[in-house]
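*Asks:* Taken in sequence, the protein lines are chains A and B.
Under my numbering, residues 36 to 382 are what the first sequence spells out, in order.
Under my numbering, residues 12 to 442 are what the second sequence spells out, in order.
Simulated from the structure, these hints should not be mistaken for laboratory data.
Wrong hints could be hidden among the right ones.
Stated by the list, open to error - Quick list of simulated restraints, FRET-style, between CB atoms:
id	chain 1	residue 1	chain 2	residue 2	range
1	B	ARG233	A	LEU322	54 to 60 Å
2	B	GLU234	A	ALA48	45 to 51 Å
3	A	LEU208	B	GLY251	51 to 57 Å
4	B	ARG233	A	ALA48	38 to 44 Å
Unchecked claim - In silico negatives: residues of chain B with every beta carbon more than 10 Å from chain A:
id	residue
5	LEU59
6	PRO66
7	TYR179
8	GLN220
9	ALA247
10	VAL391
By construction, the Cβ of each residue, glycine as well, lies at the ideal position given by its N, Cα and C atoms.
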Amino acid sequence: MAEQPIWLTFIVAFIIMNVLLVGMAYMTYFERKVMAAMQDRMGPTRTGPKGLLQPIADGIKLLGKEDLIPAAADKVVFFFAPLIVFVTALVSVAVIPFGGTVQIFGRDVNLFVTDLNVGALFILAIGSAGVYGIILGAWASANRYSLLGGLRSAAQVVSYEIILGLSLVGIFLITGSLSLRDILLAQQQPLEFGPLSLSNWYILSQPLAFVLFLIAAVAETNRAPFDLPEAETELVSGFHTEYSAFRFSFYFLGEYINMIVVSLFASTLFLGGTSGPGSEAYWGLGLLWLLLKTVIFLFFYVWLRTTLPRFRFDQLMGIAWKVLLPLALLNIVITAFIRLVSNGQVF
Amino acid sequence: MAITTDPTTTDTPFGTPGAIVREDMPETGTLEITDEQALDTGERLITLNMGPQHPSTHGVMRVILKLDGEMVTDCDPVIGYLHRGTEKLGEAHRYVQVTPWTDRTDYVAAPLNNLGYILAVEKLCGVEAPERAQYWRVIMGELSRVASHLIWLGTHALDIGALSMSLYCFREREIILDIFEAFCGARLTTNMMEVGGFSRPIPENLVPQIRNFLRIFPDRQREYADLLSSNPIWMARTKGVGVISPEAAVSYGLTGACLRGSGINYDVRKASPYLVYDRFDFEVPLGQYGDTFDRYLVRMEEMRQACRIVEQALDYVESMDSPLMAYESNYVIPPHKGAMTTAEDMQRHFIWVIKGFNPPVGEVYQAIEQSKGELGYYIVSDGGPMPYRFRIRTPDFVNLAVLPHMAHGAMLADVVALIGTIDIVLGSVDR
């Protein structure tokens, strides 16, 4: 990691943020098109060629809507709650590495905003801070559907945050670091078994953790089949029932950016992030690999949403505490044991 | 309950005359506790008003829930938001004009409603439709049953969160609606049955169209079953939810899949056959535990059995060449053909259309197995051109009464599943 002037970091951060926002907009397009294909319909077709301008039209529409505030609402909290969700979602991408240090226009550029030594922990912490936006917004709306949605969200995030964190402990044990860049670099070293050279992606050495992480991540981002906080058939719209116009779209943006961040996070942790054939020679290829892996995760999200019914609240908690938590702990014990054996510290 | 007793009146077996029996009851039902009252009594309950504008109350039903956290401690369904006075309207219209009103009671199974009404009028007048017309009525009725069950499956699955199911179900329902359209020109409000049979010819390519549906549908239904029947989340959401014991099912007067899901073998088509149902080979599926999953399985099987019936009926229809209308009766609309050529026929036709017909004095009750249960039409005739009293016993109105029984102690998310499993259409509940 090379030292670089602060203005260069700002430029990188600016580019990443904008790519993320555009990516989020087209994530909605992607979701609608994939869902449409799975459900035997067309999806957006009218706005621009193949409906490609639909996300922009949606954004303009949301900006033009009237900003309604319920009379009984706590106005200050009602104003700021959506921002918490949006900002926390955006901040967590800062520690995701999009590659190493590369030469652009003869200058060394780091393809990440910062290399925090506790990067993984940072994402988890910011992710759980985001739930404050949901709870506060739900409470400030003075609506009982919102309140129930907020309560569900609080319980859900607390439970699944634990699973999310514990499922990663195995990786931290193997890598010996919480920095996402170190985890990425560790996965780029091939495993040598005599003549065989295997990829060292953690999905191979930590399959159980991968499955646990995937389930917990879906719950963490409030997506189907764990979309209880906004279960539209029960709670109308859950925590954002009373939100409209751009305040609503902050929640919406936050949810989709969270999905993208979690997908980036998962690709970095388990699928070797930017690593792939040719990525060491050309950094652009590495970005493409990362994009591909992220899209696979996003497709998985959409696939789940079209296929599965929704869990009930008690079942959701039951799965977290009775099934996933013991499995996560088991995974830690096994990983730690193997690590000790391979270090020669036992036997 | 405060009963005001007036010493000057005498008690009757039905209570005290003049007593305001429900004076301490709120207008909307039994459940009107404000939050302030709840706080006073130390209760930590939330009163949640679900509906009448809510995504999953299947129209304009309102449910007042008292929640302890997510647990439902009390549930009070409030109906009447779609009341259009169909029964009163029926008493102000001639017999022929009432048929369109029956379309609008249970609008997802309009042909079955037409059928129930027309059978009641035919019973009143002593008319019997020719055999071929009866077979066509069976075909349309059973297709309508499948169409209605498809709506139920789509919305029920959607309520529980299986998003795609509703779109798949509407795709198949579309084929049935196309068949209705080819048969009578309308898709939703079909108004397709007439006293005495069918006065319009059957379109030529209708039988292949129905056969095509029967060829496509079983595979599609297998797809639904793949998506739901063995899905652990679906099972977790439906098994053991909303259990109705056989005793409770009988005492609530349930009919249809809600009753058969609890294992009671009662199907009007078997118990008191109408039309030509005694000639078909079909089975009545029964549930075992009376939970939501059983009712799901029962309705899925009913769709298969309905297809079986249609297939058998089509074989008969193709081999038969009898008239479609019982023109010999006085209560049947005169043939349109003659009205265009001879003055007498034209006058007869004109008078019949303008004045209708006067059935004999009497009263009838005709029940049919509608997609949601026993649909009964009760007509009292005073010999005039309009019914003296017209009453519809809609199955979902009766079935809805079991909702508080099922919802007690359930979770909030279960309430929408329970509303779905009763299979209500508010047009039919409120009439």
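*Asks:* If a hint holds in the structure, say so; if it does not, say that too.
*Replies:* Hints, one by one, checked against the model:
no. : hint                                 : result
1   : ARG233(B) with LEU322(A): 54 to 60 Å : violated (44 Å)
2   : GLU234(B) with ALA48(A): 45 to 51 Å  : holds (48 Å)
3   : LEU208(A) with GLY251(B): 51 to 57 Å : violated (41 Å)
4   : ARG233(B) with ALA48(A): 38 to 44 Å  : violated (53 Å)
5   : LEU59                                : violated (5 Å)
6   : PRO66                                : violated (5 Å)
7   : TYR179                               : violated (7 Å)
8   : GLN220                               : holds (20 Å)
9   : ALA247                               : violated (5 Å)
10  : VAL391                               : holds (42 Å)
Of the hints listed earlier, those the structure fails to meet are numbers 1, 3, 4, 5, 6, 7, 9, in rising order.
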